[in-house]
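One line per chain: the protein sequences are C and W, in this order.
Going by my numbering, the first residue of the first sequence is number 1380, and it counts up by one from there.
Going by my numbering, the first residue of the second sequence is number 57, and it counts up by one from there.
It should be emphasised that the hints constitute simulated quantities derived from the structure, not laboratory data.
Heads up, some of the hints might be wrong.
Claimed, not checked - In silico DSS-like pairs for lysine-lysine, Cα to Cα no more than 27 Å straight-line:
{"hint": "1", "chain 1": "C", "residue 1": "Lys1459", "chain 2": "C", "residue 2": "Lys2259"}
{"hint": "2", "chain 1": "C", "residue 1": "Lys2058", "chain 2": "C", "residue 2": "Lys2009"}
{"hint": "3", "chain 1": "C", "residue 1": "Lys2305", "chain 2": "C", "residue 2": "Lys2208"}
{"hint": "4", "chain 1": "W", "residue 1": "Lys204", "chain 2": "W", "residue 2": "Lys328"}
{"hint": "5", "chain 1": "W", "residue 1": "Lys409", "chain 2": "C", "residue 2": "Lys1514"}
{"hint": "6", "chain 1": "C", "residue 1": "Lys1514", "chain 2": "C", "residue 2": "Lys1450"}
{"hint": "7", "chain 1": "W", "residue 1": "Lys62", "chain 2": "C", "residue 2": "Lys1862"}
{"hint": "8", "chain 1": "C", "residue 1": "Lys1820", "chain 2": "C", "residue 2": "Lys1830"}
{"hint": "9", "chain 1": "C", "residue 1": "Lys1524", "chain 2": "C", "residue 2": "Lys1514"}
{"hint": "10", "chain 1": "W", "residue 1": "Lys236", "chain 2": "W", "residue 2": "Lys184"}
{"hint": "11", "chain 1": "W", "residue 1": "Lys62", "chain 2": "C", "residue 2": "Lys1892"}
{"hint": "12", "chain 1": "W", "residue 1": "Lys204", "chain 2": "C", "residue 2": "Lys1850"}
{"hint": "13", "chain 1": "C", "residue 1": "Lys1720", "chain 2": "W", "residue 2": "Lys328"}
{"hint": "14", "chain 1": "C", "residue 1": "Lys1720", "chain 2": "W", "residue 2": "Lys361"}
{"hint": "15", "chain 1": "C", "residue 1": "Lys2196", "chain 2": "C", "residue 2": "Lys1965"}
{"hint": "16", "chain 1": "W", "residue 1": "Lys328", "chain 2": "W", "residue 2": "Lys246"}
{"hint": "17", "chain 1": "C", "residue 1": "Lys1795", "chain 2": "C", "residue 2": "Lys1892"}
{"hint": "18", "chain 1": "W", "residue 1": "Lys299", "chain 2": "W", "residue 2": "Lys391"}
{"hint": "19", "chain 1": "W", "residue 1": "Lys184", "chain 2": "C", "residue 2": "Lys1720"}
{"hint": "20", "chain 1": "C", "residue 1": "Lys1854", "chain 2": "W", "residue 2": "Lys62"}
{"hint": "21", "chain 1": "C", "residue 1": "Lys1387", "chain 2": "C", "residue 2": "Lys2233"}
{"hint": "22", "chain 1": "C", "residue 1": "Lys2251", "chain 2": "C", "residue 2": "Lys1965"}
{"hint": "23", "chain 1": "C", "residue 1": "Lys1820", "chain 2": "C", "residue 2": "Lys1387"}
{"hint": "24", "chain 1": "W", "residue 1": "Lys81", "chain 2": "W", "residue 2": "Lys236"}
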Amino acid sequence: MPRDKSLKSVLIIGSGPIIIGQACEFDYAGSQASRSLREEGIEVTLINSNPATIMTDPVTADNVYLKPLTKQSIREILEKHQIDAVLPTMGGQTALNLAIECQNAGIWEKYGVKMIGVDIKAIETTEDREKFRLKMHEIGVDVCKGEVATSFLTGKEIAQEIGFPLVIRPSFTLGGTGGSFVNDPKAFDNALNDGLQASPIHEVLVEKSIMGWKEYELELLRDNIGNIIIICSIENFDPMGIHTGDSITVAPAMTLPDTIYQRMRDLAKTMMNAIGQFAGGCNVQFAVNPESDQIIGIEINPRVSRSSALASKATGYPIAKIAAKLAIGYNLDELNNQITKTTSAFFEPTVDYVIVKVPRWNFDKFKGSDRKLGLQMKSVGEAMGIGRNFQEALQKACQSLEIKRNGLGADGRELKDQDAILYSLEHPSWNRLFHIYDAFKLGIPTKTIQKLTKIDPWFLNQIEELIILEKEIEKLSIETIPKEILLEAKQKGYADRQIAHLLKCLESEVYKKRTEMGINRVYKLVDTCAAEFEAQTPYYYSTFSEENESIVSDREKVLVLGSGPNRIGQGIEFDYSCVHGVLAAKECGYETIMINCNPETVSTDFDIADKLYFEPVFWEHIYDIIQLEKPIGVIVQLGGQTALKLSEKLERHGIKILGTSFNALDLAEDRGRFSDLLKENNIPFPEYGTIEDAESAVELSKEIGFPLLVRPSYVLGGQSMKIVINEEELEQHVVEILKDKPDGRILLDHFLEGAIEAEADAICDGEDVYIIGVMQHIEPAGIHSGDSYAVLPPYNLGDFVMRQIENYTERIAVALKTVGLINIQFAIKNDKVYIIEANPRASRTVPFICKAYKEPYVNYATKVMLGKKKVKDFDFKPVKKGYAIKEPVFSFDKFPNVNKELGPEMKSTGESIYFIDDLMDDYFLKIYSERNLYLSK
Amino acid sequence: MTNTRKSAILLLEDGTSFIGNSIGKEGTSGGEICFNTGMTGYQEIYTDPSYFGQIVINTTSHIGNYGTIDQEQESDFPKISGLVVNSFSAMHSRSTADESLDDYLKRNNTVGIAEVDTRNLVRHIRDKGAMNAIISSETDDIHVLKRKLSEVPSMANLELSSRVCTKESYLFGDDNRTMKVAVLDVGIKKSILKNLAERGAICKVFPAETSFEEMETWNADGYFISNGPGDPSAMPYAVKTVKQILASDKPLFGICLGHQIIALACGISTYKLHHGHRGLNHPVKNLETGLCEITSQNHGFAVDKESLEQSKNVKLTHINLNDGVVAGLRVLDKKVFSVQYHPEASPGPHDSKYLFDQFINLIQQNIN
């Protein structure tokens, strides 16, 4: 059936602020869906309260509503626009829940809105554990033995009947919230209570535990006439027992024979058909008993998900884009494969490489949290590595993580404590993968590792092979290493730095040796079809083999460095900036090249940049791409700290940094040099000093005076920052920091107690400055800017203070010779404005200001960086009406026992925007009156 | 595998060569090189008699991970002339496996080469077309290998069915069944017989060159003509048999080579594809229902579409959505149909099993 011509205007619901379990994969899905519908001439209206998204950008949709995801907002939109249909499957559980609420309230019916791409009954069947179980029984799909309990008593009875170990899974919760494994009756009562509490309908499934079984996911697409394709099979490296969002996952499935895979494929199709007839995407999870090959259906999600974003990036098949087309009536065979552009969209991608996704956790931000992995998702982001084999993909994923490691092992940071390793193998946390490596290195037998981890022996063998190779390399030196071994190490994904560690030489020596030997990276296409057909879409990954497929054009190129995996302090905001940077450079006529390794993002959508290299934002990979592509320069100021910290090496290798120079970036980070600059310009800042040990810290504190803000230099999101009020606390915290960074320098700032905080973002071309926005925080100083409510423009700063802020911003931007964006943070006490810090780069708040004032500041700033425009070339016309409030959003529900106290270290995972007309607004008055209650957030 | 293996060489007819490591049996073996894009099912592929005389490149990055298991063979031993893979796993993790792939290949004298840039190789074949090749772990002397390679026959006009089919006719299925299907084995996969038997048929499998007269004596309710290797136009004997089956008015179903032979018997021509269709993800549209299916395919020859469209008594029923190649046909006014792809899958998706049901239904209707 061709597309439904009656649909002229579609509403897409977004997923709201980023929380654990629901991240920027939905920005990717929503943006794709929107573009896909607009291609068809459909008017797209978007609602999402998350300002840091590309989906809510005027480049993506026709009408954008940055409103709370509530029935009321939906009503307002429907009053204003003639909407024919709503597509609620692109915004995660949040969007589905809102769509159901509106359905129950009769809103869709009242306004004549058709729900597309979804079947409400299907959602009910899949979300309600009991309905799901009954449905599976009906169609003959094996499920775990278990029953639904709606009260404490029935829960206890069921447990008695099934026996331990058990799993408790609450109904209608996100990311496995409230779920747990229970090994013995003692722990059961508490776990049951928690589960019932977590479920909005007070219902849990008490189920037999199948911990240790192999775990798989299939991503399906179905059209209106029932054609189904499987886009991707994903195998979990971590077996059943760890939430799939917290599992290392691999695609395609590595250890499944065809017989079992096809049975699973049949089951997935049966399950999708049984839950309802809707056109769109679906994710099905299975467990396989490694002894008997028995397959059990775990769950089915009738919508686009985190896994479908991963599957899209893993295969090159854009699931959300196609799902949107299916929702408006197209059949799969009427659409083209988006990569080859010549073959059919009705086909199943086949890949000739391996992808490994490794989650990124941030437990360090949640002091006192339970770091054990289980049914509830705890990771905040993920990185994906693509390689020609599993080992290469695994090493690349580990190089992408931004955890100060050079990959998996070979960096001198191995754990050698046997007991600690054995404990970790059995009680997985974020570092189990590294401990498996450590275990092999210590000589712990594979059998023992397998028994404790239950990980498929094939995967373990892959890691063991790495250790065998390393032992061989360690016997050699940079002079004696033969080409075969060096090549094998590179093919297994080892970074030059890792090899240098093993050979006890310098990274540069390894690089030199391998290039002399002709061991060079080549680039292969992600083409959905294992090279069977020619592909038109330039989506690449690197490997070490013979043929390079990345043909370099003769156009001038600009390279944009991405921001890597999401983590607290560096999230979707930076992806927003990167995407706009790419689009702006394109507008200026450059060929754009994007490098990033985060599969959830819009920047890694191969439709964005002219060329996408899905590679770690890790020096060696960046450098090799630069060697190949020879861009005119690199943009580092859009990709957060990840990109910024590569600027030193770029500078050293004579590679042009577009925009603000390395020297200026470094000056702003170096507190000493920066303070000298402020002093020269007669700009006030809190008294400070730099120390290297606890003793001098105490000495210095006498000069500066308490309270003191203590922090290491070069940090992200206020990591390890703390306010101390006496010598004892100071000493303690300094020792704590030095434990992690023994050679680091520590900054002590006098903390301006009770000060008001504000921040400004500006664009500067080196001479002229335009302040795009000034925000005033609601909470007093001491809380990380990312965790504060911020109001744009300031709500009660007087003219005198504003003049100081503007004046200082302009002078600092020029003094730093900023070319591009700059963010400056201020503390205001007794009408005097002090500079806390300056960051000459895109900040977390830039997207927020862009959305509030409806102007494309990143686009402008990029054109300035490229030297194509000056600040005075732009006609700034911000839409200034009322105030915009940035509301931080936390994921504390995932860490029930964590101290929720806020401080200088950032803890929020996302943000939303809220517009008010005036300061008498109830919402504003409420948060303003609670500004000092932040301790109990 | 830290380079303890012997090196091996792969030489193509056009002079291109690749160096890798020897896997399976050490030796030298030649054939037509082709690639299969499936990500699972290597053992089924290697034992499929349709691959007789061919060197198979597996495009998927890892091979051998789950070992081998006797029940998952499509014939008694590997039929391929050799294999080319990217990363070869000597160890396997499937607890029910019988042996490792390496041991299995060694035991069955199959020669292979690993650690080759298979993607480069596939792109080469995609551009240059199918050609002969030779793998050797015995010599890297190009002159010797070139001479040996020149002795490998060209696939065009090559008859291979008689070399892989059963030598004696045999029965397959439950003896108590009454529905009789006479199978002309031109290189049959076991799973086809299993599919027929599961649906209540007892099959008698005849060697490729069996005459219709001999088959007819068994008094079958329906006929089946199997998949197999080689060029259909080099099989006048089978075309003759099929013409006689068509004349008998009994239900007939053909798969792959069988489909091509049915076309030839209807006066429609076949041709050699540039580099064939081999994989588990080929999209086919059923023109009769409008529905699509993901199919398992393995063919280097195909039925000519123009020639088919000119035929008055044959209807195009299925097409390959990627390139429009004929994927299925039906003989009008007869109970005869055939498909280019593999509804028995093995390896591959089960979307097309309905074709076996249709065949069985045709037979049942014909009996009644």
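Against the structure, the hints come out as follows:
1. For the proposed pair C:Lys1459 and C:Lys2259, the alpha carbon gap of about 22 Å is at most 27 Å, so the pair holds.
2. Straight-line distance between C-alpha atoms of C:Lys2058 and C:Lys2009 comes to about 40 Å, which puts the hinted pair past the 27 Å bound.
3. Proposed proximity of C:Lys2305 and C:Lys2208 is supported: the alpha carbons are some 24 Å apart, at most 27 Å.
4. Between W:Lys204 and W:Lys328, the direct Cα distance comes to roughly 24 Å. Compliance with the 27 Å bound is thereby established for this hinted pair.
5. Annotation: proposed proximity of W:Lys409 to C:Lys1514 holds, straight-line Cα distance about 25 Å (limit 27 Å).
6. Distance restraint check for C:Lys1514 and C:Lys1450: the Cα-Cα separation of roughly 31 Å exceeds the 27 Å cut-off, and the hinted pair is therefore not satisfied.
7. Between W:Lys62 and C:Lys1862 the CA atoms are separated by roughly 16 Å; this keeps the pair inside 27 Å, and the hint holds.
8. About 17 Å separates the Cα atoms of C:Lys1820 and C:Lys1830, which keeps this hinted pair within 27 Å; it holds.
9. Pair hint C:Lys1524 plus C:Lys1514 holds up; C-alpha atoms about 14 Å apart against a cutoff of 27 Å.
10. About 45 Å separates the Cα atoms of W:Lys236 and W:Lys184, which puts this hinted pair outside 27 Å; it is violated.
11. Taking the CA atoms of W:Lys62 and C:Lys1892, the gap is near 26 Å; set against the 27 Å cutoff, the hint holds.
12. Pair hint W:Lys204 plus C:Lys1850 does not hold up; C-alpha atoms about 41 Å apart against a cutoff of 27 Å.
13. Among the hinted pairs, C:Lys1720 with W:Lys328 is consistent with the structure: their alpha-carbon atoms are about 25 Å apart, no more than 27 Å.
14. With a C-alpha separation of about 23 Å, the suggested pair C:Lys1720 and W:Lys361 falls inside the 27 Å cut-off, and the hint holds.
15. As the CA atoms of C:Lys2196 and C:Lys1965 are separated by approximately 25 Å, the hinted pair is consistent with the 27 Å bound.
16. Pair hint W:Lys328 plus W:Lys246 holds up; C-alpha atoms about 26 Å apart against a cutoff of 27 Å.
17. The suggested pairing of C:Lys1795 with C:Lys1892 is violated, with an alpha-carbon distance near 31 Å, which exceeds 27 Å.
18. Taken as a hint, the W:Lys299 and W:Lys391 pair is honoured in the structure, with Cα atoms around 13 Å apart against an allowance of 27 Å.
19. With a CA separation close to 21 Å, the supplied pair W:Lys184 and C:Lys1720 stays within the 27 Å bound.
20. For the hint pairing C:Lys1854 with W:Lys62, the CA-to-CA distance comes to about 22 Å; that is within 27 Å, so the pair holds.
21. Note on C:Lys1387 and C:Lys2233: the hinted pairing holds, with a Cα-Cα distance of about 25 Å set against a maximum of 27 Å.
22. Annotation: proposed proximity of C:Lys2251 to C:Lys1965 holds, straight-line Cα distance about 21 Å (limit 27 Å).
23. A hinted pair counts as satisfied when its Cα atoms are at most 27 Å apart, and C:Lys1820 with C:Lys1387 does not qualify at roughly 61 Å.
24. Between the alpha carbons of W:Lys81 and W:Lys236 the distance comes to roughly 41 Å, so the proposed pair goes past 27 Å and is violated.
Violated hints, in rising order: 2, 6, 10, 12, 17, 23, 24; the structure is consistent with all others.
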